[in-house]
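These protein sequence lines map, in sequence, to chains A and B. Counted from 1, the first sequence has number 437 at position 437 by the UniProt record's numbering; the numbering is strictly sequential. Counted from 1, the second sequence has number 116 at position 116 by the UniProt record's numbering; the numbering is strictly sequential.
Be aware that one or more of the hints could be misleading.
Unchecked claim - Chain B regions said to be covered by chain A (calculated; three or more residues, Cβ under 8 Å):
id: 1; stretch: 10-16
id: 2; stretch: 513-525
Claimed, not checked - To give an idea of the interface, some chain A residues facing chain B are shown, with a C-beta separation under 7 Å as derived from the structure:
id: 3; residue: G12
id: 4; residue: Y540
id: 5; residue: A600
id: 6; residue: P604
id: 7; residue: A608
Hints are computed from structural coordinates only; laboratory data are not their basis. Don't be surprised by glycine CBs; every beta carbon is placed ideally from N, CA and C.
2 protein chains.
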Amino acid sequence: MRTSIATVSISGPLTRKLDAIAAAGFDAVEVFENDLVASTAPPEEIRARAADLGLDIALYQPFRDFEAAPPARLDQSLRRARHKFALMRRLGVDQVLVCSNTAAWSVDDDALAAEQLHRLAGLAAEHGIRVAYEALAWGRNVSDYYHAWRIVRAADHPALGTCLDSFHILSRGADPAAIESIPGDRIFFLQLADAPLLAMDVLQWSRHYRCFPGQGGLDVAGVLAAALRAGYTGPASLEVFNDVYRRTEPERAAVDAMRSLIALQEQTAGLPSAAPRTRGAAAPVDLRVPPPPVPATGFAFAEVAVSPVGGERVAALLTALGFARTGTHASKPVALWERGQARVLLNAAAGESGAAAEVTAIGLETAAPTEAVARAEALLAPVLPRAKEADEAPLDAVAAPDGTQVFFCRTGHADAPSWTGDFAPADAPTAAGPLRIDHLGLTQPPHHYDEAALFYRSVLGLRPSESLELADPFGLVRSRAMESEDGGVRLALSIENVGEHAAGPHLRLQHIALRSDDIAADVRSARENGAAFLPIPDNYYDDADARHDLPPALSRELRDLGLLYDRDENGAFLHCYTLAVGRVFIELVQRIDRYAGFGAANTPVRRAAQQAHDSTP
Amino acid sequence: MRTSIATVSISGPLTRKLDAIAAAGFDAVEVFENDLVASTAPPEEIRARAADLGLDIALYQPFRDFEAAPPARLDQSLRRARHKFALMRRLGVDQVLVCSNTAAWSVDDDALAAEQLHRLAGLAAEHGIRVAYEALAWGRNVSDYYHAWRIVRAADHPALGTCLDSFHILSRGADPAAIESIPGDRIFFLQLADAPLLAMDVLQWSRHYRCFPGQGGLDVAGVLAAALRAGYTGPASLEVFNDVYRRTEPERAAVDAMRSLIALQEQTAGLPSAAPRTRGAAAPVDLRVPPPPVPATGFAFAEVAVSPVGGERVAALLTALGFARTGTHASKPVALWERGQARVLLNAAAGESGAAAEVTAIGLETAAPTEAVARAEALLAPVLPRAKEADEAPLDAVAAPDGTQVFFCRTGHADAPSWTGDFAPADAPTAAGPLRIDHLGLTQPPHHYDEAALFYRSVLGLRPSESLELADPFGLVRSRAMESEDGGVRLALSIENVGEHAAGPHLRLQHIALRSDDIAADVRSARENGAAFLPIPDNYYDDADARHDLPPALSRELRDLGLLYDRDENGAFLHCYTLAVGRVFIELVQRIDRYAGFGAANTPVRRAAQQAHDSTP
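One chain only, chain A, in its complex shape (with noise of 0.2 Å):
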């Protein structure tokens, strides 16, 4: 299936997003009118730097308020329309949007829409160019897809079809199912945008919140699945208003962007009788779908770049956690820290600036780590080129939105090389009991919050949770934990939205969380080879017990070691957080029954402790 994608999708001057559309690998693009106003390069430029990228100008749009106008405004409108007609000859684009009207003036009478329509499009066929009618959700006599292609059919002039968007058919409710007995050739245009579920103002939620599909709530496969199905063939075009996009570099959201068309695919190929109905000549559309997810098991281990200071306060850490620092890599300067299935690499790789510590990379667990690289790289992942000595284990990996290396692995099977083989041993394991990595806590960049949940999702087949807002006591953070099937494999991703006169070493944390099956032994332990922890005011716990009617014991021991407290409906969670070194904090955790969160309630609490640990004298 052929993509394309609106330029107002992505950010920067007109040039730049073309270049960036055409280097995501887009087959076309919708040029919206605003971006060739404001461009300093003149149509006929456009044109040929689009031919030389490769990418066919598929629309131009948009054309509004036209129909169904009161006489006295037609002649008006036809003369604006032969400027823009001639227009989009100088830019070599022979589709033009028409949106329905939101004018007051515009007048309530199908016929008249269709009578004026029906002249539009005589008045583009003699300039080569076809109509494109879409219904916007807020149109004022037309907001429904099958009422505006009624029009069309009404209307009945070769050169006048209907364009559909995904967003103003989902936004207002209404069935997809319809599009399948409009004819496929009478679809001339399919836009295709998803949104989160939000109850708000139609038009302001189309012109602020749309997304990537994927990416928010909406079925947007639906909609391809029934455009196929009718037989459209023309291309799926993405048209995103977004105020975080409008603010992204346009290179990286354009690859995004791809990336969702990609993913889009592979779950409409994978829906029911999404067999594409082939009309007349037309052969079926070919759905570009990447290699099936691999699962996840595990964490392999989590790697933490260090600098010299950084790396002696990490070891210092660990080892009072109950790790041994059992492996030395053959040729990086790398270690490897163990305790039961818990495995931490210490890269001594950040330089030499004070205590820095730096999660970059993760390995994850999988039965086939080189068809699990095979589909990132079908999903626009970059493929890490790694520098490896003959002897050593293959060790795939690709980049995260964030930077993070994600490398794919097969630890200790007998089926294949296991990277710890690349480590010479070191100190024998501690008698401590076991251990493994819970989840990661991943803090991303401003604006990548959509982004990397798309990744993750699509990438690696892990399952977003709803996404939450917490305090922070100079902001909001947005979180969302993302997991594999099993559990095995969890992610929580957050953004800070905190002042920047709060700026301090609070914020960006990452952390690593540990599952103990006895932490308040494990704290004890640690505590007393001098793992610093992160102080939990009283207030705390004196609301712990109001809220949750603790046993005095348990309110006790949460209070002698720090511990804090969430439950759900199906178990408890005890879990404290260490002073950080660098940009890492380690949490240790225990899950009681089939706990299944992350002790999010407690965030707000943990990030004022930071805060004011981080403001203390």
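For chain A, the structure is supplied; the task is to place chain B on it using the hints.
Using the frame of chain A, we list chain B on its own:
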């Protein structure tokens, strides 16, 4: 009237919030439970700190999901209440807010709700505590304020009253008139918040978009007046949940909040029949009303701080625009430049850094400068100290939220010494035609939008226009015009929400818009004299031709001179922009007939052209 604010309305740890609230002059505070829970200070310390600061802790809030519970839940809720009452005693607060139950398990039974609230009030009374019951707009069974009052009346306990909240009342479209039929001594508390008129889910609206009275579109004064007429004598307490104020420094947010309460009291005092009713022995409440507004009738000057190089460039630009350097200040490095009524002061105070130029002060014409300053001071504007020689004219100034100095002037009137008298005459005026300052465009620091609008509205009596969202190549700009009643003073305030990666000299610009009677002649002459104007792309003119059906001669003149065009129902607008020096550019405008706008439709083209100009190698 006593003033109060909920700690959730501003940012920071609880102790810093208290300091900021006291510094802004509030009498009392509502302690928001989450702020206490996350605080490292125990309740006794908060109590002592509030007492030291002279702050009454008037309310503890919220106590959620209590009333109309099935019997099995009641004991647990009463146990929770006992915990809270004990805590409140430690905190020294004798009133708790109970908001209407939102839980799915709550029972739709007013008698049961009343019975359980009676029981809670009895328990509270044992602790010397009063219960204020409030209807949340999204309460499950109780969402209307009068419904909440009926339950309170039925519960009939002296320790139980109602709490009114302007947001919960007005967001549901309820009529506040019925407040007057509630006995004033049964209204235990009054919370006030405004909000912009948004069509969205009321819970999201409340949690993210509440703002201080006067910043939104709700009739908050109507609620306050009704409560006063009912005989309410407690504090007026602000309770605002707002994503921007969560990020703002608490000290400035608290001042902004206090300013809104003073302006609200003034507005309320001005309502017809606002006289508070006295009930029994209660004395009527005194409203704090600032001195009356003194209209600003025009711009006396705009002052630009310049570095040596910046000063040369601005001087060259002004010269090309027909200005003459007509005066030099007696004691300061300031030159007066004039053309007609347009006066620009160049202040050589910006140090040596490159071609720096920045609008740092504006002079406003007013009939009574001293009274204008007194009003500004009463509305918490910082009055600026001024080093003045003995023989210089008095010149009174206050600081706007962004630091701009606002001077109140009486230029060239016989009844007062004029600031112009402090300038020694220099060059003679040129023969160029009349010119005046039409408006100033002031880009505000991020997150100061509502604060700045409230400042100019309350202090200067400017009327805000609708807020517009305008496209930038790398984001969105919000812009709002503020005008004096006769249009003599116009400001265009904007904030930029633009990606950090796009930082450049085209951001944070300010402009001085000069109104000409013959812009074509002025631009022609300025170009001949070497002024550099912002190049406008040809595409803009193609579009203007299509949109406006311009006469060919006008169309040609626009292209030749680089003028932009706009039209409203009353007239037309011609304008153009010089290139910027430092942060400042000059706009030339001509208003034809009674055009009332600012050419905002052309702002995206201007911003794209500025960005393109900056990016040109």
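Okay, the hints, checked on the actual structure:
no., hint, result
1, 10-16, "holds (count 3)"
2, 513-525, "violated (count 0)"
3, G12, "6 Å, holds"
4, Y540, "6 Å, holds"
5, A600, "14 Å, violated"
6, P604, "6 Å, holds"
7, A608, "4 Å, holds"
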